[in-house]
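Enquirer: Below are the chains, spelled out letter by letter.
Number of protein chains: 6
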Amino acid sequence: DFLSALDEVQPAFGVSEEELQQCVQNPIIYYSPRVEVILGDGKLYVDQVRNSDKTPVVSVLLHGPSGSGKTALAASIALSSEFPFIKLISPENMVGFSESAKISAINKVFSDSYKSPLSIIVVDNIERILDWVPIGPRFSNAVLQTLMVLLKKRPPKDRRLLILSTTNEKSVLENMDMSDCFNSELYISNIADLQSISHVLDDSQLFSPEEKREALERLRISGIDQRISIGIKKLMMVIEMSRQDVDKVDKFVNTLMGL
Amino acid sequence: DFLSALDEVQPAFGVSEEELQQCVQNPIIYYSPRVEVILGDGKLYVDQVRNSDKTPVVSVLLHGPSGSGKTALAASIALSSEFPFIKLISPENMVGFSESAKISAINKVFSDSYKSPLSIIVVDNIERILDWVPIGPRFSNAVLQTLMVLLKKRPPKDRRLLILSTTNEKSVLENMDMSDCFNSELYISNIADLQSISHVLDDSQLFSPEEKREALERLRISGIDQRISIGIKKLMMVIEMSRQDVDKVDKFVNTLMGL
Amino acid sequence: DFLSALDEVQPAFGVSEEELQQCVQNPIIYYSPRVEVILGDGKLYVDQVRNSDKTPVVSVLLHGPSGSGKTALAASIALSSEFPFIKLISPENMVGFSESAKISAINKVFSDSYKSPLSIIVVDNIERILDWVPIGPRFSNAVLQTLMVLLKKRPPKDRRLLILSTTNEKSVLENMDMSDCFNSELYISNIADLQSISHVLDDSQLFSPEEKREALERLRISGIDQRISIGIKKLMMVIEMSRQDVDKVDKFVNTLMGL
Amino acid sequence: DFLSALDEVQPAFGVSEEELQQCVQNPIIYYSPRVEVILGDGKLYVDQVRNSDKTPVVSVLLHGPSGSGKTALAASIALSSEFPFIKLISPENMVGFSESAKISAINKVFSDSYKSPLSIIVVDNIERILDWVPIGPRFSNAVLQTLMVLLKKRPPKDRRLLILSTTNEKSVLENMDMSDCFNSELYISNIADLQSISHVLDDSQLFSPEEKREALERLRISGIDQRISIGIKKLMMVIEMSRQDVDKVDKFVNTLMGL
Amino acid sequence: DFLSALDEVQPAFGVSEEELQQCVQNPIIYYSPRVEVILGDGKLYVDQVRNSDKTPVVSVLLHGPSGSGKTALAASIALSSEFPFIKLISPENMVGFSESAKISAINKVFSDSYKSPLSIIVVDNIERILDWVPIGPRFSNAVLQTLMVLLKKRPPKDRRLLILSTTNEKSVLENMDMSDCFNSELYISNIADLQSISHVLDDSQLFSPEEKREALERLRISGIDQRISIGIKKLMMVIEMSRQDVDKVDKFVNTLMGL
Amino acid sequence: DFLSALDEVQPAFGVSEEELQQCVQNPIIYYSPRVEVILGDGKLYVDQVRNSDKTPVVSVLLHGPSGSGKTALAASIALSSEFPFIKLISPENMVGFSESAKISAINKVFSDSYKSPLSIIVVDNIERILDWVPIGPRFSNAVLQTLMVLLKKRPPKDRRLLILSTTNEKSVLENMDMSDCFNSELYISNIADLQSISHVLDDSQLFSPEEKREALERLRISGIDQRISIGIKKLMMVIEMSRQDVDKVDKFVNTLMGL
Ligand SMILES: Nc1ncnc2c1ncn2[C@@H]1O[C@H](COP(=O)(O)OP(=O)(O)OP(=O)(O)O)[C@@H](O)[C@H]1O
Ligand SMILES: Nc1ncnc2c1ncn2[C@@H]1O[C@H](COP(=O)(O)OP(=O)(O)OP(=O)(O)O)[C@@H](O)[C@H]1O
Ligand SMILES: Nc1ncnc2c1ncn2[C@@H]1O[C@H](COP(=O)(O)OP(=O)(O)OP(=O)(O)O)[C@@H](O)[C@H]1O
Ligand SMILES: Nc1ncnc2c1ncn2[C@@H]1O[C@H](COP(=O)(O)OP(=O)(O)OP(=O)(O)O)[C@@H](O)[C@H]1O
Ligand SMILES: Nc1ncnc2c1ncn2[C@@H]1O[C@H](COP(=O)(O)OP(=O)(O)OP(=O)(O)O)[C@@H](O)[C@H]1O
Ligand SMILES: Nc1ncnc2c1ncn2[C@@H]1O[C@H](COP(=O)(O)OP(=O)(O)OP(=O)(O)O)[C@@H](O)[C@H]1O
Ligand SMILES: [Mg+2]
Ligand SMILES: [Mg+2]
Ligand SMILES: [Mg+2]
Ligand SMILES: [Mg+2]
Ligand SMILES: [Mg+2]
Ligand SMILES: [Mg+2]
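Chains as they are written, first to last, in this note's numbering: chain X, 26 to 284; chain G, 26 to 284; chain S, 26 to 284; chain L, 26 to 284; chain P, 26 to 284; chain H, 26 to 284.
Hints were generated in silico from the structure; no laboratory data involved. Please read these numbers as outputs of a predicted model, since none were measured by experiment. Certain hints may be false.
Since copy identity is lost for identical chains, a pair holds within one copy or between any two.
Think about it this way: if two alpha-carbon atoms lie no more than 25 Å apart in a straight line, the pair counts; the simulated DSS-like pairs of lysine-lysine are [stated by the list, open to error]:
#, residue 1, residue 2
1, K178, K133
2, K195, K273
3, K273, K79
4, K259, K178
5, K258, K195
6, K79, K237
7, K195, K182
8, K140, K182
9, K258, K237
10, K195, K140
11, K237, K276
12, K79, K258
13, K276, K68
14, K273, K68
15, K276, K133
16, K182, K259
17, K259, K237
18, K259, K195
19, K259, K79
20, K237, K140
Chain X on its own, in the form it takes in the complex (with noise of 0.2 Å):
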């Protein structure tokens, strides 16, 4: 029966795969072996879902710095699953809403997964979901409690969800004991070694392969792949930006130092 309902599920509540694929705009780099590894950990999630009926809700938090690529991976795993039912929950999608209309349309989303045998939602950014403010602290309660509640929900049965979350701070979901809600984590990291950077800049076809040898030679002159920390999108911004300049390895070389 579960196989039949998988024949038999409607594409009505759809898989929003252009708005997911608005999420990896530019093409996924693999400028080290870890992005390989997240991504197979993924792919493990899916099948747990696809294939075990003990644990009919499975949730995975991927969690790091701002830009370091959560929303692109999240969007990636989600959309090679070819699960029947893929929805993206973001805080892009809610600007200006009542905190009422937040709940209502975050409840929508996991009433309509209960429909489909098989399903992923990837709730992004959750602590821009929650309108987070360090000072006070303020939130959302009512939209958090929503959250938590509907993270640990089963489906009904012969239903199963996977869900995908993202955060850049995870600190204070664990302080919301939000933590708890989760099976699973993931975590993605900045860029930190002149290798990953060098493959991005391969890419992005910024430099000539001399100019890119000089910079890279005056970036780890400066000592600077020693403590060098930055994220796959502000990485692409400075190359972006470089390239605007008349002297751009200098102009490249100058902000990656003063990051």
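Put chains G, S, L, P and H with the ligands on the given structure of chain X with help from the hints.
Expert: Just chains G, S, L, P and H with the ligands, lined up with the frame of chain X:
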């Protein structure tokens, strides 16, 4: 007249058996003698309500760490009472409810119970029903006050009620003066010995006898058996994750050791 | 004119005898001379209101530990006054009321009382009426202010009012400046001697004389009689629990010793 | 024109004499010279408002311990002014009012007063009008701000206003910057000598001359006359309680000594 | 075009002269040279707005102790400007207004001013307009933000605006970052020398020359002239109180010495 | 397609040029080389958005002391971009708006910008838009969250957006985690040298050459040139005030020295 009332009672306000069955989706595993002790204590409370007319309302708090099996055990005790009125009050059923809607819903379950001579109400995960969050801290005082009054309110003449509540946060309830509202407590502990784990592994059919021996041996050698403490719920999640892996023993042992 | 008003008064706003009777469902047990002293003091206040026209409003606070019998004693005093207007204000009757609905309800009872020459209002469990919780702390200031004003408000000419209030949290009321609003206080203590327990046991018919002797002997030997302190309400709960057990004496003694 | 306005004034907005009379239900007892001093000072303020057109609004704060007689004295001063407009603003008249209803009611009394050439407003028990509670602390800032502005607002030309306010909590008003809003203050003290008590006893006719002598003698011997401090209101309550007792002298002396 | 606009302006939004006149009910007494200096500085600001088109909005804060004469001086400066638009924003005119009604009223005065080529707005007693109370502290942030924006907002082309604000609580405004919104400040001090008091006494005609000499002499002897500090408003209240007394000199001297 | 979209764009949602022109009412004075550097950096960001399709949204924070010229410079950069969509979000345009009206207005500007291939939004005075006040502290979290999401939200395909924000309170934004939302920062400093002041004086034609020499000489002698720090806005206010005075040099020098 008590007995005649018992005869007349209509299943109108019904027994929410299905809902409670879902709380014990996976069958109770008797992994340790402690499991039977708890179910036995539960039966004693059921009997007191059934037999003594001097204490028409009895309330019990099942508390213990997250995932230790509180909900499943409370549901088990309730279902085996065969009382004509058995109902579940749980956060899952009240997602997105306003504070006043929550209070109405809770109040209705209690009012309905007063129409049956013998009733059981399971109040699951009290801290979540109260929208508790340690930052602040914040919670719904209106819901709290409602529960505190209803936990002690005497049913009308010839009506008797057993209330089984669960919580992960007993100390929070104490700080709220709520623990005064319970007549008794039952502590549900984590699994903390290899024998219980062995029992659960048998039940789950994850390993061949050989694999199991190897897994337990490795755990014993690592010395982890001295400090392990894992809820039955989490243990079952680890078992299902391991089932996806190529090297199940390795995954199982490493995950337990990484906790 | 006072006497004629007394004659004319109509039981329209009624005596809520039934409601108050429920507060003393189990008959008052004269387990210690202190019980009679309290009932005697209560009668003195009733007389002052009946006889003296210089103090038309008298308010008394019955305070003591949870379950010590405050509600039952206040109800007893009120019921034996035979005043034409006797009403109960209790949290049980206002579950789920909004703050303003609560205030209206309270205000109405006082307004109604002003129509009777002699009235008693029992305000039960003030801290619960105030939605008091120590975390925060939080409470309904609007309800508090209403009570503080009504406790001191003079009835119209030729109307007299006795207010009997109960609380477990006298120090909280003091911190709120509310204790200034009471003219007198009565302390209701826990049971703290074996003789009183013996008296209650007799009344409950739990044991045969032999069993009772054994139970009390074991308590005495354990030295617990030096430090016991149990409310009459809890003692009766322990007695009823023990009644279900195979070894009643053992259960009773062990439970008392485990407190 | 001031005098003609005085002639024309209509008792439309009336003198709430009855209401104020109720505040001095029991006649003022001249138990000490201090009582006359206070009434004399009160008359001086009445005269200033009546005679000087340079200070069209004068506000006085009567403060002192709970039950020291503030309300009765303020009402006395107001009633003996014979001004055409005299009104009472008191918490008793605003039980259950919303914040904005309170503000309207207060505002209306002041607006009405501006229509009379000579007015007195008694603002009784300011801290209760403000819904003050020391836990938090909490109070109605909107009501406070309204009072602060109205206490200083100049009446229109040829209108003059005396405001008599009472409070038990002068230091609270100071912390709110409210005491700046008063032009003068009168301190109403507790009774602190046996002579004043003797005076009040005479007036109350509780004792025969012999009983009185005995009672005072026992108080003197106990040394309590060195430390006694009791409000006139509480003293009258003690007298009425003693009146019910078989041994009135004993009850009276013991109650005073137990304070 | 600026001059032609000046010609065309209609007194539609009017000059609230009457209202402002009331703020200086008693004529300004030139009790010290400092009074002229302040009025002179005020004139300079009026001229800057009249003449310079590079600073179309100028805002000045008059601050000083309670009763030092701030409101009367601000009103004086405004009235002598003869600008076509002069308006008062004061707490007295907004008693009982909701927060949003206050904001609308304030906003309207500013909007109206933008229709006149030359305008003055007197914002009296800012801390009271903000509902400031030091307990908490509490205040209306919405009103504060409105004022902060309007104090700096440029009028449309060819419109110029002078804003005169008063406050007793300059340090509060600083803590709110509001003092940044003013271009200049004027400090209004208390009276602190006998010569100024003598000047005010002359003006008030309280004493005969002989009485005055006696009063000042007694103040001098007492040494109080070294530490006196009294607002002009309070001084006038003391004078009027003394006027009622039989011994005016005594009352006057004693009151000043008792401050 | 990007270029064709650029052609098609309609000025429907318009360029609010007039509004922005008002922000630079007085022409930019090139009082120091730093001014050109800032305008040059601004041009680089404009170019990046115009040319690079990998970073469709770029956000820059202009921060510095009050009155240092942030708004005028942001408006200058925006106006010289000649992008088809340029809009200002400023507190002046939202006076008296409710929180939700503010959010709608902000949201609408961003939505409209997504219809133009190239857009600039100037978000002026962020702390005022957020209703920030340091007492509490208080601010509108809902507006903050809206801005935080919109600052990072990707425009739809082939749409690009530059956001120029200004603030006096960079550290506050940091405490709110908001500074993470900006890709770059530009610091706008106060004037801190006599040469810049000289430049501004020339431009303002306040002094004759002789007067100017005298004024600068006096400032130099006083040693104030070592510690001066004044925003261009305040400097222009001082110049206009001095213009009204009889002795302009004296007023100018004294005012600067009194800061
Ligand atoms: N290996 C990679 N992993 C992640 N993102 C990558 C990788 N290679 C390229 N990218 C690109 O880098 C960007 C990462 O940005 P993304 O929004 O996913 O980061 P984030 O951690 O979610 O940021 P934020 O903390 O702001 O939410 C995306 O544009 C993505 O397409
Ligand atoms: N002996 C047992 N006791 C309790 N649960 C058991 C037992 N054996 C198996 N189970 C299964 O283990 C799971 C226990 O999960 P349950 O939700 O009851 O834990 P919980 O303590 O309520 O968790 P939470 O803290 O998340 O509320 C259930 O799926 C239940 O069917
Ligand atoms: N001497 C007694 N005094 C009071 N109650 C007695 C006495 N004897 C028997 N009882 C019974 O004991 C119980 C006392 O419970 P009651 O609700 O009055 O306690 P309480 O102090 O009000 O408790 P709580 O703190 O929960 O409000 C009642 O059932 C009452 O009938
Ligand atoms: N000399 C007196 N001064 C004041 N009250 C007197 C005096 N003599 C008799 N009384 C009576 O004493 C009582 C004083 O009570 P009153 O309510 O005025 O006190 P209070 O200080 O306002 O009390 P509270 O603090 O509760 O408001 C009144 O009944 C009044 O009639
Ligand atoms: N030289 C003077 N300066 C100011 N006020 C004067 C002067 N001479 C006489 N007055 C009178 O003194 C009074 C000053 O009161 P005003 O209300 O202006 O003081 P204020 O500082 O605004 O008081 P508050 O702090 O209560 O707002 C007015 O009645 C005014 O007419
Ligand atoms: N080089 C310059 N840079 C900036 N502003 C200049 C410059 N030269 C002249 N100005 C003028 O100086 C004034 C600067 O004021 P502006 O409002 O931009 O400052 P601001 O830093 O935004 O102030 P605030 O902190 O109050 O928001 C404007 O009138 C502007 O026209
Ligand atoms: Mg992200
Ligand atoms: Mg549970
Ligand atoms: Mg009770
Ligand atoms: Mg009073
Ligand atoms: Mg003033
Ligand atoms: Mg600016």
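Enquirer: Evaluate K258 and K237 at a C-alpha cut-off of 25 Å and name the case that applies: within, between, both or neither.
Expert: within (19 Å within a copy, 46 Å between copies)
Enquirer: Can you give me the call for K273 and K68, within, between, both or neither, at a CA distance of at most 25 Å?
Expert: Result: close only across copies, 16 Å inter versus 39 Å intra.
Enquirer: Up to 25 Å between alpha-carbons, please classify K259 paired with K195: within, between, both or neither.
Expert: Answer is both; intra-copy 20 Å and inter-copy 20 Å each pass.
Enquirer: Are the CA atoms of K259 and K237 at most 25 Å apart within a copy, between copies, both, or neither?
Expert: within (18 Å within a copy, 48 Å between copies)
Enquirer: My question is about K276 and K68: at a cut-off of 25 Å on alpha-carbon distance, are they close within one copy, between copies, both, or neither?
Expert: Close across copies (15 Å), not inside one copy (39 Å); limit 25 Å.
Enquirer: Is it within, between, both or neither when you check K258 against K195 at 25 Å Cα-Cα?
Expert: both (19 Å within a copy, 23 Å between copies)
Enquirer: Within, between, both or neither: how does the pair K259, K178 come out at a Cα-Cα threshold of 25 Å?
Expert: between (37 Å within a copy, 15 Å between copies)
Enquirer: For K259 vs K79, is the C-alpha pair at or below 25 Å within one copy, between two copies, both, or neither?
Expert: between (41 Å within a copy, 12 Å between copies)
Enquirer: With 25 Å as the alpha-carbon cut-off, assign the pair K237 and K140 to within, between, both or neither.
Expert: neither (52 Å within a copy, 37 Å between copies)
Enquirer: For the identical chains here, do K79 and K258 meet the 25 Å Cα criterion within one copy, between copies, both, or neither?
Expert: between (38 Å within a copy, 10 Å between copies)
Enquirer: For K182 vs K259, is the C-alpha pair at or below 25 Å within one copy, between two copies, both, or neither?
Expert: between (44 Å within a copy, 20 Å between copies)
Enquirer: First find the shortest C-alpha distance between K140 and K182 inside one copy, then the shortest across copies, and answer within, between, both or neither for a cut-off of 25 Å.
Expert: within (10 Å within a copy, 32 Å between copies)
In summary, the structure is inconsistent with hints 2, 7, 10, 15 and 20 from the numbered list given earlier, while agreeing with the others.
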